[in-house]
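Modelling step: build the complete structure from the supplied sequences, incorporating the hints.
In the numbering used here, the protein residues as written are 925 to 1066.
Treat the hints loosely; a few may be bogus.
Heads up, simulated PhoX-like pairs for lysine-lysine below, C-alpha to C-alpha not over 20 Å straight-line [to be verified]: (1) Lys1063 x Lys970; (2) Lys987 x Lys930; (3) Lys1063 x Lys965; (4) Lys965 x Lys987; (5) Lys987 x Lys970; (6) Lys987 x Lys1063.
Just the calculated beta-carbon pair ranges, DEER-fashion [claimed, not checked]: (7) Met978 x Val1062: 35 to 41 Å; (8) Gln1002 x Glu945: 35 to 41 Å; (9) Asn1037 x Ser990: 31 to 37 Å.
It is worth saying that the hints were derived from the structure and are not from the lab.
Cβ atoms here follow ideal geometry from the backbone N, Cα and C, with glycine treated the same way.
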Amino acid sequence: MTLPTKLQEIVDDIASMNREEKLETLIAYAESMPDLPERFKDERSKMEPVPECMTPVFIIAEKLESGGIFFHLDIPPQSPTVRGLASILTNGLNGCSLEEIISVPADFYIPMNLQEAVSQQRINGFIGVLAHMKQAAVKASS
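Right, dumping it as structure tokens:
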């Protein structure tokens, strides 16, 4: 499986961690996630919802001048696990081409052994976020 370089680096890093380190890393990713830019705050109807998540998650993607895709997510700060998981995706995929994004397999996360640190329900939401990021990327590219 070939992943975008940044995402592969994240997968490799997390795969080598124990449960405590994984939890600390998720919190660090959550804290580093930028807030939704002001220009999107009144655009919720144009954002891609992620119904697979119990936490309200909304995604919008922009096509950059370079041709890459950049994602903005709206996730409540009271949901650090979800923010952390989503931040892994944005850190790994922001700037990638549409082709790179849509070619990421839904099970790319398996080597990270996330089930050591988070519930299956959170992992299902993580898979849902990736699926909706792909949809948002396609929308941004058309």
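Structure-based check of each hint:
no.: 1; hint: Lys1063 x Lys970; in the structure: holds, 10 Å
no.: 2; hint: Lys987 x Lys930; in the structure: holds, 18 Å
no.: 3; hint: Lys1063 x Lys965; in the structure: holds, 19 Å
no.: 4; hint: Lys965 x Lys987; in the structure: holds, 18 Å
no.: 5; hint: Lys987 x Lys970; in the structure: holds, 15 Å
no.: 6; hint: Lys987 x Lys1063; in the structure: holds, 9 Å
no.: 7; hint: Met978 x Val1062: 35 to 41 Å; in the structure: violated, 25 Å
no.: 8; hint: Gln1002 x Glu945: 35 to 41 Å; in the structure: violated, 23 Å
no.: 9; hint: Asn1037 x Ser990: 31 to 37 Å; in the structure: holds, 34 Å
In this structure, the earlier hints numbered 7, 8 are contradicted, and the remaining ones agree with it.
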